[in-house]
Amino acid sequence: MALTTTELRAQAQAASAHLPGLILSAERLAAMVAPGAHGLRRAGPGEDFWQYRPATHGDTARSIDWRRSARSDSQFVRDREAQTAQTVALWVSGGQGMAYAGAPHRPNKGARAQLLALALAMVLLRGGERVGLLGQPARSGRMQAERLAEGLIRAAPAKGDEDAPSPEALRPNQHLVIISDFLTDPSWLEALLTRAAALDVRGVLMQVLDPNEENFPYSGAVLFRSLSGAVRHDSRDAAGLREAYQARLAGRRDWLRAQAEGAGWRFGHHTTDHAPALALSWLYQVLEG
Amino acid sequence: MLILRAVPPAPRQVAFPGVALLLGLADKTPVARRTPWWLLLLRLLAVAALILAFAGPVWKPVPRAGTDGPLLVVMDAGWAAAPDWAGRQTRAERALTEAASDGRPAALLLADGRTGPKPLVFAPADRLLARLRAAQPVSWETALPDDPEAALSELPDGSLSTLWLADGLDHPNRAEWLAALTSRGTVTVVPPAGPVRALSLHGGDTPSLTLISSDDAAPGILAIGPDPQGIERELARLAPGDAATEAGVTTRPTAIDLPPELRNRVTRFQVEGEAHAGAVVLADDRVKRRKVGLVGDADAHAEGQRLLSPLYYLRRALAPTSDLAEGGLGDVLDSAPDVIILADQVDMAEIGELAEWVDAGGLLIRFAGPRMAGYEGLVDEPLLPVTLRQGGRDIGGALSWGEPRGLEPFDTDGPFAGLAVPEDVTVRAQLMAQPLPNSPSAALPR
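Residue numbers (this note's numbering), protein chains in the order written: chain D, 39 to 327; chain E, 3 to 448.
Isolated chain D, as found in the complex:
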């Protein structure tokens, strides 16, 4: 399913239309140097007026707002609203397996993953966040959605079945969204999560699967091969493999969930026959914290 930039953008806009602007919780963002674009609805470093509060111990004399204090007997401090921006990095797997669609009327997994990524980016951008593809500069503003769509479409697919984000591309205090099918060897995830914990990066793992990969609707003699053709499995009784396959898939999911929770991340999965808005709402809630 070859999408053009315009089509992808239009679909993502439709999927993200009903979500309110997302404002990330910002537990650790006070230390961020970058000036923010939106208020965090609490006192902190910023430019806009937030509230007057009575002066307490620890407030310097310079911080007291004398004009307000002159109208009453106690001293007041003028707080400003904390302003900062959150940076979200997106990574969509480009492995060849993502080009798989189990039925002609379903989109392939890669298209659905791109759609989710861009829709999420639009919601975030609407909330004033800075969004970028992993390894590329994150920017805010509506024009960034155009650049993201362009980047998602233009991203070169991987040579083989496997594709992994580079741990070196992580930056401190990012949020990272990883969308992949996690069907190939996931050992790269451990290294990535270790480095992410060191850099204080939080994130989400999103597994996008085709219904065929969940249900395994095959029977009889089948020669399975991966989309790049590198891996094959010859079976004479495919129906008999179903339970073992589904058990392995469940095991893979448990492992992923354990990895994610161990690092403070979240793990979710989505099949392409479901509406993308469900997955998008979930991502929205998870990132909101």
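Hints listed in this document are in silico derivations from the structure and should not be mistaken for laboratory results. Glycine residues also receive a C-beta, built at the ideal position from the N, C-alpha and C atoms. Please note that the accuracy of each hint is not assured.
For each label pair, taking beta carbons as the anchor points, the in silico distance ranges come out as [said to hold, decoys possible]:
(1) E:R14 to D:E228: 57 to 63 Å
(2) D:D272 to E:P38: 20 to 26 Å
(3) E:D218 to D:G258: 41 to 47 Å
(4) D:T232 to E:P38: 54 to 60 Å
(5) D:H312 to E:E236: 23 to 29 Å
Following the hints, complete the assembly by docking chain E onto the known chain D.
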């Protein structure tokens, strides 16, 4: 056949991204991977049958002619033989090859009308093969030599066997030849493989085509000619009309129902799907619709003048078969007519252009009338074949002698040949030519 393919089934190739999760899994109920012996035997038998079939076995071979007498191959070579000519050649070649292997003498009679009256020469059959392969059908009708007895005079001994590849049409001398050949031995007649179709064109006021066919199919008739860019292509497709079958021959009259602009461009008509001369008719002047320029009706709009107009009878005569262009001489010349008719016109302004048009090959017909007779400068009028005398002469009036006389019948070889002379036509007024030495040669023969 289902059994041959069913066991063991070829594995289905499926692209599946989750194949990494399948690696190392063993099948629960392994299916037989070995071919059972009876299936192997069945397949071997099928292969053996195929090999035998490809070896080209002959079931009940055609019995060969048991005679050792001479062989005569008669090939109708007119247009009707053209469609399946290659098949006819093959059939004749087979007969000649058989005769050659039996050592029988043979002769080949190509009935294309070009064989002289000399007797047929019987020779070893393989010498005739080259001539047979070079033979081509002709575009006219099959014609057999006139005298079968003379042609068969040098017949070698033995009972003659004849192979006649007929084209399905009756020809002059056919019955004589058949009688002569049957009296000398056996005659095998091979009828044509398909139906015979021919096309003919009838002229007249409304030209039409006739499709004659030996079956009742109605193939389209293509009108072919140059299109406005000058490229020859199919201009129109005529559907044959209602069929009338008589003695196995179906006749379909077909009207040429085309606009004049298109009809004048047609160069030939052709029966669709037929590749021989009988299915092609070249379109000549009979098909064309001519444009005739009429000059001579200055008062066309005056109602009282309608019947007195000098063009009244010309219009009635020409309108069914041609396109008329009327008006002043200049307008008529501009419309590029094929013929210009001047009715009782003298001393015209555009006579110079008209003379150029005539010099360039235009056909000009002039009719005389009272105005011409009374014109003073008639002696100097250009564009007349002979010099005319002013005034003319009246016959049958109060001041003249004699009764008006009728017309003589036209000569049978003149341009008016075939026209019947009506009884009630009499000559009452005449314009006379100046008597000059060359006058008789300038007048058209009757």
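Evaluation of the provided hints:
no. : hint                         : verdict
1   : E:R14 to D:E228: 57 to 63 Å  : 36 Å, violated
2   : D:D272 to E:P38: 20 to 26 Å  : 21 Å, holds
3   : E:D218 to D:G258: 41 to 47 Å : 56 Å, violated
4   : D:T232 to E:P38: 54 to 60 Å  : 58 Å, holds
5   : D:H312 to E:E236: 23 to 29 Å : 60 Å, violated
Of the numbered hints listed earlier, those contradicted by the structure are 1, 3 and 5.
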